[in-house]
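J.: Chains as they are written, first to last, in this note's numbering: chain A, 86 to 385; chain B, 40 to 371; chain C, 7 to 315.
I should point out that these hints are in silico values taken from the structure, not numbers from a laboratory.
Careful, some of the hints might be misleading.
Said to hold, decoys possible - No farther apart than 25 Å at their CA atoms in a straight line, the calculated lysine to any residue pairs in the SDA-like style are these:
1. C/Lys75 - B/Pro160
2. A/Lys148 - A/Val276
3. C/Lys296 - C/Gln263
4. B/Lys64 - A/Lys157
5. A/Lys234 - B/Leu272
6. C/Lys151 - B/Leu272
7. C/Lys157 - A/Val276
8. A/Lys234 - B/Val90
9. A/Lys157 - A/Asn347
Chain by chain, the residues run as shown.
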Amino acid sequence: MSLPRRRDVAPEFDPTQPLVGTGNLRRRHGVSRVVQGIAVAAAIAAVAVLAIVVGGVVAHGAKAINWDFVTKPAPQGVAPNLVGTAVIVGVATLMAAPVGILIALFLSEYAGRRSTRPVQLVMDVMNGLPSIIVAVFVYALLIEGVGGKQAGWKASLALSIIMVPLIARGTQEVLRLVPGHQREAAAALGVARWRGVLTIILPAALPGIITATLLSVARAAGETAPVLLLSSFASGDAFQLNPLEEVPNVPVRIFQLSEEANPEGFTEAWGLSLILIAIILTLGLGSRALLNRSKRKMTR
Amino acid sequence: MSATPPAGSASLKLARSNRQSDSRKRADRVGDLSLRLICMAAALLAAIVLVLIAKEVVEGAHPSIARYGLSFITNHEWAPPLEKFGGEGLILGTLITSAMALLIGAPVAISIGIFLALLAPVSVRNVISPLVEMLAAIPSVILGFWGLLILGPVLVSTVEPFLHDTLGFIPLFGAPQTTGASIFNAGLILTIMVIPIIASVSRDLFMAVPPELQDGAAALGSTRWEVIRGVVLPSTLSGMMAACLLGLGRALGEAIAVAQVVGGGTESHLSLFRNGGTIASLIALQFPSAVSALHTSSLYYLAAILLVIGVTSNLLASWVGYRFGSAGGAMR
Amino acid sequence: MSTIDDHTIDPSVGNGTAPAPGRVRIRTEPLPGVIGSPAATESAAESHVHVAPDAVFEAERVGIFYGSKQALIDVDMRIRRGQVTALIGPSGCGKTTFLRSLNRMNDSVPSFRIEGQIRYHGHDIYGSNVDTVEVRRRIGMVFQKPNPFPKSIFDNIAWAPRNLGMRQGLQERVEKALRGAALWDEVKDRLKDSALGLSGGQQQRLCIARAIAIEPDVLLLDEPASALDPIATGAIEDLIHSLKGRFTIVIVTHNMQQAARVADRTAFFSLETRGEKPIGTLIEFDDTEKIFGAPRDPRTRDYVTGRFG
Chain A
86 MSLPRRRDVA PEFDPTQPLV GTGNLRRRHG VSRVVQGIAV AAAIAAVAVL
136 AIVVGGVVAH GAKAINWDFV TKPAPQGVAP NLVGTAVIVG VATLMAAPVG
186 ILIALFLSEY AGRRSTRPVQ LVMDVMNGLP SIIVAVFVYA LLIEGVGGKQ
236 AGWKASLALS IIMVPLIARG TQEVLRLVPG HQREAAAALG VARWRGVLTI
286 ILPAALPGII TATLLSVARA AGETAPVLLL SSFASGDAFQ LNPLEEVPNV
336 PVRIFQLSEE ANPEGFTEAW GLSLILIAII LTLGLGSRAL LNRSKRKMTR
Chain B
40 MSATPPAGSA SLKLARSNRQ SDSRKRADRV GDLSLRLICM AAALLAAIVL
90 VLIAKEVVEG AHPSIARYGL SFITNHEWAP PLEKFGGEGL ILGTLITSAM
140 ALLIGAPVAI SIGIFLALLA PVSVRNVISP LVEMLAAIPS VILGFWGLLI
190 LGPVLVSTVE PFLHDTLGFI PLFGAPQTTG ASIFNAGLIL TIMVIPIIAS
240 VSRDLFMAVP PELQDGAAAL GSTRWEVIRG VVLPSTLSGM MAACLLGLGR
290 ALGEAIAVAQ VVGGGTESHL SLFRNGGTIA SLIALQFPSA VSALHTSSLY
340 YLAAILLVIG VTSNLLASWV GYRFGSAGGA MR
Chain C
7 MSTIDDHTID PSVGNGTAPA PGRVRIRTEP LPGVIGSPAA TESAAESHVH
57 VAPDAVFEAE RVGIFYGSKQ ALIDVDMRIR RGQVTALIGP SGCGKTTFLR
107 SLNRMNDSVP SFRIEGQIRY HGHDIYGSNV DTVEVRRRIG MVFQKPNPFP
157 KSIFDNIAWA PRNLGMRQGL QERVEKALRG AALWDEVKDR LKDSALGLSG
207 GQQQRLCIAR AIAIEPDVLL LDEPASALDP IATGAIEDLI HSLKGRFTIV
257 IVTHNMQQAA RVADRTAFFS LETRGEKPIG TLIEFDDTEK IFGAPRDPRT
307 RDYVTGRFG
């Protein structure tokens with residue numbers, strides 16, 4: 086048997102040569118390396134921006150933080166704003182969580198093919214609404230039309246519109262992960278559908294629902310526009326726990342201070358920013374970690 | 040439901056459990072129906088809210104629409120004391136800042152997505168990914184405050200003069216102002232907001248490209264970039280489009296941060312370095328203290344325009360994601 | 007056959023193609039019943055040796071690990087030019103792992119580690135200066151499940167040649183590749199159609215065409231017909247026959263009859279328990295007729311007669 090001859094090889098290609106690049110490979114490797122360098126640089130830039138922003142807040146805000154700042158009302162501190170934000174966001178959560186969970190239940194348990202798309206669409210649109218528009222809407226509905234005044238709960242209502250799609254989406258994800266055999270077991274025992282949902286499926290999805298809610302709380306705590314239009318006149322010199330009144334809060338205070346262009350106010354604004362960022366990042370990271378853990382438990 | 044009862048009382052027990060199961064079944068049916076109705080009501084409530092939003096905004100805008108009609112879009116004077124309201128400056132500002140955010144942000148974000156999904160080892164990805172997402176979690180009021188006090192001065196002292204000196208012949212790069220509050224600043228802040236959104240979605244899209252496809256390309260003697268360019272990017276094009284539309288929606292709707300850094304101007308101009316305004320930021324700045332009914336109504340008019348643009352881009356994003364598959368899953 | 011240090015006479019090569027002058031080392035054929043060969047002494051530092059001109063691959067005491075788990079142990083084999091070499095054996099015995107190591111496709115598995123040497127035309131594939139992209143340019147691979155790109159049929163084939171700078175005569179190159187893969191007649195009128203619209207068998211032939219379009223030196227086929235129906239399988243086997251000679255082909259298959267039909271030489275791998283865990287091992291490597299007709303090792307005999315696996 087004679088050695089087969091390679092009739093069809095392009096003349097410049099000799100497979101027995103060392104395994105380094107032939108032809109245009111060096112240039113192609115160069116291009117690939119440049120692109121990879123760009124990708125790495127982009128990632129580094131993003132992290133750098135994060136560091137610069139958060140670092141700036143920490144550097145300027147740390148000066149303002151002390152015990153008085155966090156516990157006393159104006160002029161020494163911003164405690165009413167912190168408490169006020171908690172009140173407003175708390176009421177918003179009470180409004181938004183049930184609606185969001187029910188909508189998620191609808192999509193996951195009850196919606197047929199014809200109703201899933203429209204409801205999903207409604208959620209998507211609601212998710213993408215600019216918060217200023219939501220603010221204007223609630224203003225038009227509750228203040229302008231009826232000659233009403235600003236109040237904490239009205240801001241809560243606007244925030245809840247922003248929170249509902251977030252809670253619904255997160256709840257949907259977790260409901261999807263509830264293993265099929267749990268639903269089947271409930272049905273096989275002759276348990277009514279509604280009992281199965283309320284006593285088996287929802288509790289199984291509860292950790293995920295909580296984290297979705299926490300994430301939306303983190304988002305709502307930082308939202309300024311709705312509160313700017315609906316609960317911004319309260320000064321921070323007194324605590325106000327009644328949501329029917331105007332309630333002082335954090336993001337609007339920061340905004341007002343930044344618009345005043347008074348350098349003395351800036352320190353207070355930095356301090357508020359630091360507290361706000363700390364709360365939000367903690368909520369965000371913590372709840373995401375919880376979500377991953379509960380997801381892993383359920384898919385085991 | 041019950042185990043086999045002892046022989047003697049069998050019929051008695053059976054009769055009793057039948058009665059119980061009858062009332063149980065009725066309760067079950069009521070319960071099932073109630074829960075289903077409540078869930079449907081919640082979904083319906085959301086839809087009604089959306090309709091109400093549209094209604095209120097359009098109603099509020101009605102006087103201004105009646106007064107100006109479509110010329111509102113091309114009138115460039117916005118002067119509340121003079122009762123003159125034209126939206127061109129704001130619309131222009133909105134378009135320029137959003138375009139800037141996408142033109143700079145999308146390539147950077149996609150590069151980050153490539154890095155996270157295709158180049159970085161898993162340990163690095165698990166650290167950098169959350170950091171990038173953290174960028175999205177920063178509240179806009181804080182980012183705007185930072186942009187005003189820290190970014191602004193830097194821009195005015197270095198970047199803007201440099202760009203003006205080298206590219207000043209283009210009207211876009213006109214003379215900088217002293218304050219650091221400018222369209223340019225607003226555009227950069229929006230870029231920072233848009234990048235994590237597009238980056239996260241891109242990363243998810245790239246990670247979903249089947250490894251067999253990438254193996255097939257690699258086995259043909261291709262460099263890493265050639266595999267990405269030839270296989271990964273083409274198969275995720277529609278998803279990336281949807282991601283960019285999502286980012287666009289975010290940029291269009293951002294009111295507070297832009298209000299803090301854009302300078303509050305309302306003139307219609309094309310210079311990046313002067314102050315200006317966007318629709319959302321103007322509403323945030325002037326709505327609480329509008330001076331007249333026409334003023335308020337014109338602000339509603341602007342809100343209506345914003346609503347239309349915003350919802351359209353959102354719907355486009357959903358449609359692209361729905362139509363072309365994988366993006367929808369990644370975005371949810 | 008004789009083994010001589012400085013000169014080679016290998017009967018299967020035949021009429022005296024003289025080896026390159028200079029130092030020549032020989033791989034000995036596996037002796038009956040003995041796996042591997044006493045390695046001709048070769049300093050480990052040497053990554054290039056002149057070899058018998060018919061050897062494309064030489065594996066020397068190759069062991070493959072995924073982390074701490076060993077998948078393959080002590081593989082010695084020589085794969086000859088222009089021939090079809092089949093790797094058979096039960097599932098999980100490491101034959102696909104070995105195949106993928108031949109063009110460094112296992113590099114993407116993070117815990118992958120290799121011991122011993124795999125030499126390609128005398129060059130250590132895992133050497134320090136080796137360019138993996140170049141390795142894969144010369145050693146092509148077709149995968150078990152067809153994986154056409156989401157592009158047109160023409161662009162699927164033309165993509166790699168374009169990267170390599172082969173822009174002249176692209177049309178002819180694509181046509182030649184499709185003819186070589188016995189697909190031309192079926193697709194010549196719809197080259198602009200998406201490749202995803204082809205049937206499974208056509209897609210696999212497209213992948214083969216894609217691989218041969220850049221005219222590699224070697225074709226590695228990883229169970230190319232296992233995802234296909236019998237008719238498509240037959241087409242693939244005919245294709246392999248027609249490609250033999252132009253390319254050196256190494257094919258992994260779990261279908262013994264297929265190996266018997268297409269391969270010149272066959273390597274039988276199996277799991278042998280060494281110590282605690284079963285590890286993939288090369289049991290026997292010989293001409294196909296011998297493996298199936300008169301295997302030397304009882305384990306080979308058991309497998310090819312269907313007693314297990």
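J.: Hints first: check each against the structure and report whether it holds.
T.: Here is what the structure says about each hint:
no. : hint                : result
1   : C/Lys75 - B/Pro160  : holds, 22 Å
2   : A/Lys148 - A/Val276 : violated, 60 Å
3   : C/Lys296 - C/Gln263 : holds, 14 Å
4   : B/Lys64 - A/Lys157  : violated, 58 Å
5   : A/Lys234 - B/Leu272 : violated, 53 Å
6   : C/Lys151 - B/Leu272 : holds, 22 Å
7   : C/Lys157 - A/Val276 : violated, 52 Å
8   : A/Lys234 - B/Val90  : holds, 24 Å
9   : A/Lys157 - A/Asn347 : holds, 21 Å
Violated hints, in rising order: 2, 4, 5 and 7; the structure is consistent with all others.
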